[in-house]
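Participant: One-letter residues, chain by chain:
2 protein chains.
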Amino acid sequence: MRRRDLLAGAGSIAAGAMSGFPAPALAQGIRQLKLVTDWPEGSPGLQSSAMRLAKTISEVSNGRIAIEVFPAGALVRPFETFDAVAAGVAEMFHSADYYFEAKSPAFNFFTAVPFGYTADELFAWVHYGGGQELWDELSGQFGLKQFLCCNTGTQSGGWFVDEITSPDGFRGLRYRIPGLGAAVLRRMDAIVVNVPGGEIARSIRSGALDAAEWVGPWLDMALGLHKAARYFYYPGFHEPGTGLTLGINRRVWESFSPSDQRLIEACAAGEYSRSLAEFNANNALWLRKLREEGTVTIQKFDDSLLRAFIKTSQEVVAEAGSGDELSRKVYASYQQFRASIMEWSDIAERAFLNSRRLV
Amino acid sequence: MRRRDLLAGAGSIAAGAMSGFPAPALAQGIRQLKLVTDWPEGSPGLQSSAMRLAKTISEVSNGRIAIEVFPAGALVRPFETFDAVAAGVAEMFHSADYYFEAKSPAFNFFTAVPFGYTADELFAWVHYGGGQELWDELSGQFGLKQFLCCNTGTQSGGWFVDEITSPDGFRGLRYRIPGLGAAVLRRMDAIVVNVPGGEIARSIRSGALDAAEWVGPWLDMALGLHKAARYFYYPGFHEPGTGLTLGINRRVWESFSPSDQRLIEACAAGEYSRSLAEFNANNALWLRKLREEGTVTIQKFDDSLLRAFIKTSQEVVAEAGSGDELSRKVYASYQQFRASIMEWSDIAERAFLNSRRLV
Numbered sequence: 001m002r003r004r005d006l007l008a009g010a011g012s013i014a015a016g017a018m019s020g021f022p023a024p025a026l027a028q029g030i031r032q033l034k035l036v037t038d039w040p041e042g043s044p045g046l047q048s049s050a051m052r053l054a055k056t057i058s059e060v061s062n063g064r065i066a067i068e069v070f071p072a073g074a075l076v077r078p079f080e081t082f083d084a085v086a087a088g089v090a091e092m093f094h095s096a097d098y099y100f101e102a103k104s105p106a107f108n109f110f111t112a113v114p115f116g117y118t119a120d121e122l123f124a125w126v127h128y129g130g131g132q133e134l135w136d137e138l139s140g141q142f143g144l145k146q147f148l149c150c151n152t153g154t155q156s157g158g159w160f161v162d163e164i165t166s167p168d169g170f171r172g173l174r175y176r177i178p179g180l181g182a183a184v185l186r187r188m189d190a191i192v193v194n195v196p197g198g199e200i201a202r203s204i205r206s207g208a209l210d211a212a213e214w215v216g217p218w219l220d221m222a223l224g225l226h227k228a229a230r231y232f233y234y235p236g237f238h239e240p241g242t243g244l245t246l247g248i249n250r251r252v253w254e255s256f257s258p259s260d261q262r263l264i265e266a267c268a269a270g271e272y273s274r275s276l277a278e279f280n281a282n283n284a285l286w287l288r289k290l291r292e293e294g295t296v297t298i299q300k301f302d303d304s305l306l307r308a309f310i311k312t313s314q315e316v317v318a319e320a321g322s323g324d325e326l327s328r329k330v331y332a333s334y335q336q337f338r339a340s341i342m343e344w345s346d347i348a349e350r351a352f353l354n355s356r357r358l359v
Numbered sequence: 001m002r003r004r005d006l007l008a009g010a011g012s013i014a015a016g017a018m019s020g021f022p023a024p025a026l027a028q029g030i031r032q033l034k035l036v037t038d039w040p041e042g043s044p045g046l047q048s049s050a051m052r053l054a055k056t057i058s059e060v061s062n063g064r065i066a067i068e069v070f071p072a073g074a075l076v077r078p079f080e081t082f083d084a085v086a087a088g089v090a091e092m093f094h095s096a097d098y099y100f101e102a103k104s105p106a107f108n109f110f111t112a113v114p115f116g117y118t119a120d121e122l123f124a125w126v127h128y129g130g131g132q133e134l135w136d137e138l139s140g141q142f143g144l145k146q147f148l149c150c151n152t153g154t155q156s157g158g159w160f161v162d163e164i165t166s167p168d169g170f171r172g173l174r175y176r177i178p179g180l181g182a183a184v185l186r187r188m189d190a191i192v193v194n195v196p197g198g199e200i201a202r203s204i205r206s207g208a209l210d211a212a213e214w215v216g217p218w219l220d221m222a223l224g225l226h227k228a229a230r231y232f233y234y235p236g237f238h239e240p241g242t243g244l245t246l247g248i249n250r251r252v253w254e255s256f257s258p259s260d261q262r263l264i265e266a267c268a269a270g271e272y273s274r275s276l277a278e279f280n281a282n283n284a285l286w287l288r289k290l291r292e293e294g295t296v297t298i299q300k301f302d303d304s305l306l307r308a309f310i311k312t313s314q315e316v317v318a319e320a321g322s323g324d325e326l327s328r329k330v331y332a333s334y335q336q337f338r339a340s341i342m343e344w345s346d347i348a349e350r351a352f353l354n355s356r357r358l359v
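Protein chains in written order, with the numbering used here: chain A, 1 to 359; chain B, 1 to 359.
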């Protein structure tokens, strides 16, 4: 997903939305809150996760906490969600923290970085590796409290018009890829191009793009990318487990009773499991359809490419963690936990997944 | 974990516990419930997950739902948790459904089967692959409603006195391994021996055991298994992602308001993420300690062994799904989703985890 693309692809923008809204309504003991997202209306997996989280919080609180969900552009401009919630224009957002890396590059680490954490590893770092405390410190600087509330799982490498057989193949390639992944590809001399989600397929067909990454089979095929390109590459080294965020205005957060704070935390943690399960189940379904259609070649990036990605990613990620003191602390914590959890994943899930496929 | 071992290792057994207790107390709007577990008091990861879940439900409900947690043997005999909750002696249990395979072998599929699902795949099957509906049907036959509420992650292969280099090495090996994994090893001519958790280390030292499996580095090293055997094998093919269960008396479940039903569901789903994160983070920590101590050889089961495990596991798992009509339905659903999710895991998490380790 790319910030500028979602922005360009979003619906109507409510004029004057930033001019201010009343504080949370308290009528008959019902707390009415606004949750703004950076997802287009009706987008599966993303907007649907925000809707489900709001519904769960409302139901679990027996209607005491009523959350109205606004898709991208409906209440505030896309990617102004962070500022809008910090300013109290809305009380909550559902978004991806890496969209806000201009505030601090350290926000990348709470969403996804190239060759970083899987979904389960990210949750382990945040909850049992000191991540949440650092995130609280970082978010607190902007008047926010944030929680992990969604994960897309491992993303895919994307759709390519032609086969790529060596790192040289990226030279001059017009590639749509977001965030730190884009920084990696630029250093490999790709030409990173911004295209809104809804226009990717057409851009590939017109020749404006040679390749594009979005999320994975489920969401990509909804955009028709499998009709536009012949090669589907994996894995998505740039986003191995993309964590999405429930951001809450800090004063609003502190105004909740301890019980309602636990309620929101529990619902966010539950939605993390559910959204990941929904992505995995649907990606499996659509991958099967892709194979059955038989028109696209599904292949792994060659090891020579992956090695080049690793080398360049190390530089790019280190730079994201080299700024101010807090960014350096976040990066140090991330790297230390990563070394430890990778050793465990090697002999646990990775060894199991490889063993299960032995013939 | 092995049912008989936990039983033998459990604490005091409350006499007459099965003779009946009053229905859930309703005083001052507070609902007081009893949750019985099959975990020894104070056991990390397992009993602590049950305690945390009870605490979360209590806090989220602002004290309206007060849950008292009883470890194994404190209120009812270990492994009588299922029957006790079905009979209304307690309202809830936190356990592993494969302990109750004598009720129906289909219960194995909701915990772990050899070469079955990882933690994320299990949650995806239950929530987006039809698993919960089948589980409701199966549990309903026994007067229960069940939810996934905990996962240990991928377990380990266990601790061996001597190196195992071929399938013949299991012939006559006195091996402590539970459930369907034990059935697999028996067919490979191992002698499966029952030993309570607290006695495994001593049994290895005395020569009564040649090898033993428990959970993973975190819980195993707490039992001192790393001091008793020189070889630590991975992966735990028999339990690739062990799901634990919140079981609720069906009439009690139906007596909850829709809001409180959603509350319990959300807290269980949240605890699934949290417990898995706790296991992964702590297993990583203890694996590091094991490496630093340097006294144990950590190695993967040889591919020839894993191939033998796969072949025999297919037979054992098929038999578990070959009984009554509902068991066959559960097995068919499990296998169909497994084929689909494995294809996705191959190009997503598995491909990523392998790529991240390229040098």
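Worth flagging that the hints you see were computed from the coordinates, not collected in a lab. Predicted, not measured: the structure shown is a model, and the values here were computed from it. Treat the hints with caution; some may be incorrect.
Each pair may be met inside one copy or between any two copies, as identical chains are not told apart.
To be verified - Straight-line Cα separation of at most 30 Å, DSS-like style, residue types lysine-lysine; simulated pairs:
1) K103 <-> K300
2) K300 <-> K34
3) K311 <-> K300
4) K289 <-> K34
5) K34 <-> K103
6) K227 <-> K329
7) K300 <-> K55
8) K34 <-> K55
9) K300 <-> K329
10) K311 <-> K55
11) K227 <-> K55
12) K227 <-> K34
13) K227 <-> K311
14) K289 <-> K103
15) K103 <-> K227
16) K289 <-> K329
Participant: With identical chains, the pair K311 and K55 could be close in the same copy or across copies; at 30 Å between alpha carbons, which is it: within, between, both, or neither?
Facilitator: Answer is neither; intra-copy 43 Å and inter-copy 45 Å both fail.
Participant: First find the shortest C-alpha distance between K227 and K34 inside one copy, then the shortest across copies, and answer within, between, both or neither for a cut-off of 30 Å.
Facilitator: Classified as neither: same-chain Cα gap 38 Å, cross-chain 56 Å, threshold 30 Å.
Participant: From the Cα coordinates, with 30 Å as the cut-off, is the pair K289 and K34 best called within, between, both, or neither?
Facilitator: neither (38 Å within a copy, 47 Å between copies)
Participant: State whether the alpha carbon distance between K311 and K300 is at most 30 Å within one copy, between copies, both, or neither.
Facilitator: both (18 Å within a copy, 28 Å between copies)
Participant: Given identical chains, is K300 near K34, meaning Cα to Cα at most 30 Å, within a copy, between copies, both, or neither?
Facilitator: neither (42 Å within a copy, 51 Å between copies)
Participant: Reference check for the pair K103 and K300, CA-CA at most 30 Å: within, between, both, or neither?
Facilitator: neither (35 Å within a copy, 45 Å between copies)
Participant: For K103 and K227, with the copy left unspecified, which applies at a CA distance of at most 30 Å: within, between, both, or neither?
Facilitator: neither (37 Å within a copy, 50 Å between copies)
Participant: Could you place K300 and K55 in one of the four classes (within, between, both, neither) given a Cα distance threshold of 30 Å?
Facilitator: neither (39 Å within a copy, 45 Å between copies)
Participant: Is it within, between, both or neither when you check K289 against K329 at 30 Å Cα-Cα?
Facilitator: Between copies, since 24 Å is at most 30 Å while 44 Å is not.
Participant: My question is about K227 and K55: at a cut-off of 30 Å on alpha-carbon distance, are they close within one copy, between copies, both, or neither?
Facilitator: neither (35 Å within a copy, 51 Å between copies)
Participant: Regarding K227 and K311, is the shortest C-alpha distance of 30 Å or less found within a copy, between copies, in both, or in neither?
Facilitator: Answer is neither: 32 Å inside a copy and 39 Å across each miss the 30 Å cutoff.
Participant: State whether the alpha carbon distance between K34 and K55 is at most 30 Å within one copy, between copies, both, or neither.
Facilitator: both (13 Å within a copy, 29 Å between copies)
Checked against the numbered hints listed earlier, the structure breaks hints 1, 2, 4, 6, 7, 9, 10, 11, 12, 13, 14, 15; every other hint is satisfied.
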